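Participant: Residue numbers (this note's numbering), protein chains in the order written: chain A, 1453 to 1783; chain B, -19 to 506.
FYI, nobody ran anything at the bench for these hints, they're computed from the structure.
Bear in mind that the values here come from a model prediction, so they are computed numbers and not experimental data.
Each residue gets a CB set at the ideal place from its N, CA and C atoms; glycine is no exception.
Do not take every clue at face value.
[Unchecked claim] Partial list, derived from the structure: chain A residues whose beta carbon lies under 10 angstroms from chain B:
# : residue
1 : D1498
2 : E1505
3 : G1529
4 : L1541
5 : I1542
6 : L1727
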Amino acid sequence: MIAFVIRRLLQSIAVMLVVALIAFLLFNYVGDPINNMVGQDTSIQDRERLREELGLNDPAIVQFARFVGNAVQGDFGFSYRQSEPVSGLILARLPATLELSMVAALMALAVGVPMGVYTGLHRDHWLSKVFLAVSLVGISLPTFLIGILLILVFAVILGWLPSFGRGEVVQLGWWSTGFLTVSGWQALILPATTLGLFQMTLIMRLVRAEMLEVLRTDYIKFARARGIPRRAVHFGHALKNTLVPVITITGLQLGSIIAFAIITETVFQWPGMGLLFLQAIQFADIPVMAAYLILIAFFFVVINLIVDMLYYLVDPRLRVDRAVAGGHAPS
Amino acid sequence: MTRLTSSLALAASLAITLPASAETFRWAFQGDMQALDPYSLNETLTLGTLGNIYEGLVMRDKDLNIIPALATEWELVEPTVWRFKLREGVTFHNGNPFTADDVIFSLERTRKEGSDVPTKVASIDEIRKIDDHTIEIVTKNPNPILTSDLSDWYIMDQEWAVEHGAEDPVDVRAGVENYATRHANGTGPFMVVEREPDVRTVLKPFENWWGEPDHNITEAIFTPISSDATRVAALLSGELDMAYPIPLQDGRRLEATPGVSLLAGPEARTIFLGMDQLRDELLESSVAGKNPFQDVRVRRAFYQAIDVEAIKDKIMRGASLPTALMVAPQVNGFSEELNERYPYDPEAARALLTEAGYPEGFQVGMDCPNDRYVNDEAICQAVAAMLAQIGVDVELLAQTKSKYFAKILAFDTSFYLLGWTPSTFDAHNPLFNLMNCRGEDDPNRGKFNLGGYCNERVDELTAMIQSEINPEKRQAMIDEAFTLHKDEFGHIPLHQQPLSWGKKDSVELAQRADNVFDLRYVVVGE
Chain A
1453 MIAFVIRRLL QSIAVMLVVA LIAFLLFNYV GDPINNMVGQ DTSIQDRERL
1503 REELGLNDPA IVQFARFVGN AVQGDFGFSY RQSEPVSGLI LARLPATLEL
1553 SMVAALMALA VGVPMGVYTG LHRDHWLSKV FLAVSLVGIS LPTFLIGILL
1603 ILVFAVILGW LPSFGRGEVV QLGWWSTGFL TVSGWQALIL PATTLGLFQM
1653 TLIMRLVRAE MLEVLRTDYI KFARARGIPR RAVHFGHALK NTLVPVITIT
1703 GLQLGSIIAF AIITETVFQW PGMGLLFLQA IQFADIPVMA AYLILIAFFF
1753 VVINLIVDML YYLVDPRLRV DRAVAGGHAP S
Chain B
-19 MTRLTSSLAL AASLAITLPA SAETFRWAFQ GDMQALDPYS LNETLTLGTL
31 GNIYEGLVMR DKDLNIIPAL ATEWELVEPT VWRFKLREGV TFHNGNPFTA
81 DDVIFSLERT RKEGSDVPTK VASIDEIRKI DDHTIEIVTK NPNPILTSDL
131 SDWYIMDQEW AVEHGAEDPV DVRAGVENYA TRHANGTGPF MVVEREPDVR
181 TVLKPFENWW GEPDHNITEA IFTPISSDAT RVAALLSGEL DMAYPIPLQD
231 GRRLEATPGV SLLAGPEART IFLGMDQLRD ELLESSVAGK NPFQDVRVRR
281 AFYQAIDVEA IKDKIMRGAS LPTALMVAPQ VNGFSEELNE RYPYDPEAAR
331 ALLTEAGYPE GFQVGMDCPN DRYVNDEAIC QAVAAMLAQI GVDVELLAQT
381 KSKYFAKILA FDTSFYLLGW TPSTFDAHNP LFNLMNCRGE DDPNRGKFNL
431 GGYCNERVDE LTAMIQSEIN PEKRQAMIDE AFTLHKDEFG HIPLHQQPLS
481 WGKKDSVELA QRADNVFDLR YVVVGE
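One chain only, chain B, in its complex shape (with noise of 0.2 angstroms):
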């Protein structure tokens, strides 16, 4: 590896760039988006990538603000009423207008057989016509985040989704191909002119787009690129501009070569442990007719015995950042004061093992994925470690994610490894979907709450924060149920783990902390 590392260190210094016109942008990801419909899955690339082409009503900025998109400007008009102005004179790639029928025709379309994006339109009850221009979305309840929830969910055309046969979602299921599968028809800033599922996608800018772009790419090419190894060396002979990831143990690499760089800025995403305090024995371990995760001091006691600072050290390269709660502080709901970890004290998780009954510790399988988040399984292996120093035997059984989750999803899990971004970036989503009690009446509830943790009161507030309109006495709940969730140790939170893309220094870009890549603002440099 040292060899591999000095050699590259040579490359770069002997590096001979490919000739490429100066505004032809070209990236790499690991995958490939599996649908151009902008319906088909609710995925951050696929849908982050297919934001370049389509637009929603709303959009996020950089920053991940929401700003308008397709709507100009909207306002509350009742607790359940929210009136939308549309953007006026703006055409879909074909030429056609965009309308308020194309909005109620999105509605129906994402709400049909197939398509993955129903819950962003959830708490719609309908969507009324006030003039061509003009909507009035009614929801069911009063919905604070109806923005947010709306912020990827396209608006398509629907003569072209007539025209080809395209008015229902992409389905598998159906076994019929589906126009849209492979071409586009959106009103965003660029335009597919060429695309070959797992092999490149080119797109070109839209002439007639309503905005004023800040780009000035005149042609972005995409090609998926799965090997990490092959992805680096890609960026470093000059043959893209941009790729992501870049493996962490790589980012010096990158940094040593002179004309590259890397971009590395903290994700969303929420890396996390959690125990199934549900069963009155676990499924794995020596421990019999007991739980021990039942108890609090046994949770705590996992809890104080990790040390997140040396996972951050030595296996994530210094570039996690650790945390106390189960969301990032890009997401709404999110609070510096309450974000104070329990201290690391092996001595303390000790006693507490003790104090709770096994003095010996005990052994318990743990689950982790190998191939999801960033160096999964290092962590997985790291905190198994730390827990044999409390006297805690634990069965490591790290596997590919489609073995992984297929094992966790049935609950037939003790100790887990799991990472979250909401979809939403509202606080209410990983309560709703990680903290809830799982519910008998409602499967949805709780349903990644794969250890069981369960307090009624937090799904009291949970309830409550859905409809909350008042941003303060919202704040207030979210806080509420986020402090009883820490003091009773319901999951145990480790950091927010590290985005990493590598680019070349004469481009610019804007790193969204929802690992989605906006070519609105790259700019191609000399």
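Bound-form chain A, shown alone (with noise of 0.2 angstroms):
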């Protein structure tokens, strides 16, 4: 098991070094970024001297192999833009992004396993037609409009939510949450709902269909036929047996909650990475988008570590499985 998540480890450092890769090579299409950084009187001596200093002029492969260096050394730069430390810029942003990531899950399990079992076991109730149709909503609408429309009508029309930014929020160290106040609450209610309101719909259908699924296996029918009451069937054994695929599914939508909570956050103004790696593309703010990046594909290679982690936990046979194939079977 250690050996395993020590594999994985040193696989997603590859997988990082990867993804820095390629990002290096898609910033020469991203624009130059020595004309957002100077006003229009400065000297052209002054510019090409800034973009030569900043190492703009190098090939894609120097540019990111100094990176590489650096970043070995905890070193992400300097921000094009904001003229501040990238890790330190990067770390203000990580509870705003992550709070909103977290809270849209929950929501998004929350809402949508309930809605999933009971769509399964009540499948022509008028009820369930309704959760489907809702839900399909959720899935074909845009982010972006989703976001607007709940603008409009919570903020604007009724005035009960506020339309953009975080609300007060209270610093424990360097981590700032807007949990322990009113303001951020209400702030957290409707870009939380957008951005979990896609994963919702994914989790409750998907519950729906493993729920379908399992009833009509035997050991449910042999189960109901032995008398156990519907609540145990149901809850004990019909949902416990459809969680693997949901676990899986919640964890790797975990990662891109986390990645395309950009346009939430854009929308919102919620101030968080996704809001800053859009405002470091506009102005080809290199630093920001090469660290960001990189964390990203990091976030991504955990949560598959942690979700094939909880595979051992949830489904014994995975463990058996494995121990067989490799020849250990206990004899």
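Each chain sits in its own coordinate frame; assemble them with the hints.
Facilitator: Written as structure tokens, this is what we have:
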């Protein structure tokens, strides 16, 4: 097990290196940051010198090597846009994105699983049809449109919730949290709903399909025949057996939620990493883009690792199978 | 879109305004200041907003006139020597007194590596301290527009900078954090109490400010909101007192909403088209072996084929100001008489093209930004459609500003759209940057003259304009240079683009034509 984890972590380094390399090859196409960094009166000589001294004239592979060399020493460079260390900028934005993503994922689970169970058990009930219709909207509408519609209804028309920002935050060491203030929670509702809606509908449909599958199996029929209460059959046996794919999908989607919070953060001016990344792209702020991309790659690797480990916990067969395949089956 | 508009109108009638203390003023722009260091970036939002915190020797009022700030009076004692009397009893936000030494320190700091504003003091040879509150500024040559150059050159406190190790300007290349990036210590009417880059900046009035405040703000909160739709929604929902820019297409929605209004006025930014007249063969064209833009008839044909009034009505929603000159009325040197456009006349344009040897027209590439100027891409599309009427096939490449500027500033363009606001608000700046021959001797001459328009007489006049002290003689030279450029169709000026700000009705403020928002004029009602 430990060897497995270590191997996966080593692989993650390779993944991050590849991501960084591809990123630097692509940076040739995001445009020139120099004109964004100086005013229109700045002389040609100063522009050229800035370009030279930032190493922007070097080939992509040289820029990549320099970046990796510095990154290994924990130095991710200076933001071209904000003249501050990139690591500090990302660290300051990380809590906002993680809090938003976690709440969105929990909302998706807390609402998606019961809805999936319900629609699985009561296939023809009118409420199930309503749930399915709503989920279709969640899957088919683009995120920014959902965000703008929510702002229109809850901020502009009803005036209940703020349309942008994170509200008041409390600083706990370097972590800034919005969980401890009323305005923080108010500000969280709309973006978290926007971000979690797609995942919610996905989880609901997944749970529903799995439930329908499991309810047809023999052991459920036997359980019913033995007179075990419906409740215990549905939640004790059926739901438990639907969880493996749900964990996989939720885990993998968590990575996507963090990575694709970009759009939601932009619509709600949520001060997270996604907004930082988008502004970095517009500015061609190469150090910020590079650091963000490898951080996201790292998240994906770690989340995948955790998902794999959860499998072992949830499904004992995996452990047995693996042992058999490895030739160490207990005789 | 229609549904969205009507629901927003409905929204307006139902809008519940969030309670806010009367004198807290909240405003939003699409981006943030890049740093609080007043020498870090020569750009409108950064310097304009910092103008509430820092002050220069002189400043601009709401009509862009030069008025006293840290200097109370000044006079030209010799053609190259100006004597400035400094205001007495002024303190910085930290309580340090303001003296001549701070001015001299600021000059040194402005000239250091990393500073983006050395051009503001480029004409200065030295600053002499006569006493604590009198200085003499010696210029290398007579400089008739010295006070314009200095209007947003801000004075920093020497002791504060030394104390916090911020003697040097913020420099990305240095790789060290600079205290002045996030902290400010000016003499202006507002001081920074909280700064979180990209999130919010909180200002409070400076109690010991030397002036008598016209505003009634007790707290001002600035939030960048990058998404247009969100910025407009936040204004409509009452979370903001003022927001800018407002997209032109949202203007009517704002005006239809009770409690908020649109402030639209012409900006001093001129939008124009440029053509490569330098190369013997265009980079992006079907014409081989010669450059059609070297023929003045072709340039004129392009000019007369473009209907700026249609662009104004259809694309700019009536808010732009068509122009025949490369400078706006707010800019020193503008002449109402010369501001007469050649008429829109596609027939004449076609005849000119035929005469020049292109009866079938030709194909040419065009570069355009899509996130830099008001409706920039739409303007380019309209231009392409209008040129198609005279047989010119325009291959439009509209892209984000980082890509667009990288391409055109490498002179890799045949036909492009660009906008320009002279930072000095004087005609010399566009003449030197846009209309002078691209120089081998001085690469900065004509550095934004991407099409390489060249007339030696214009260059000669520009050099004289730079140091001519007599206003009448100077204006005559400017007129002559502008006339030459206009008759030769060096560029095709289109319009001054509109400013578009949104505000609550209960708030009074002044809209400056340079898109600077000055808190000094804000009065928050009831």
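Participant: What hints, given by number in increasing order, does this structure fail?
Facilitator: 5
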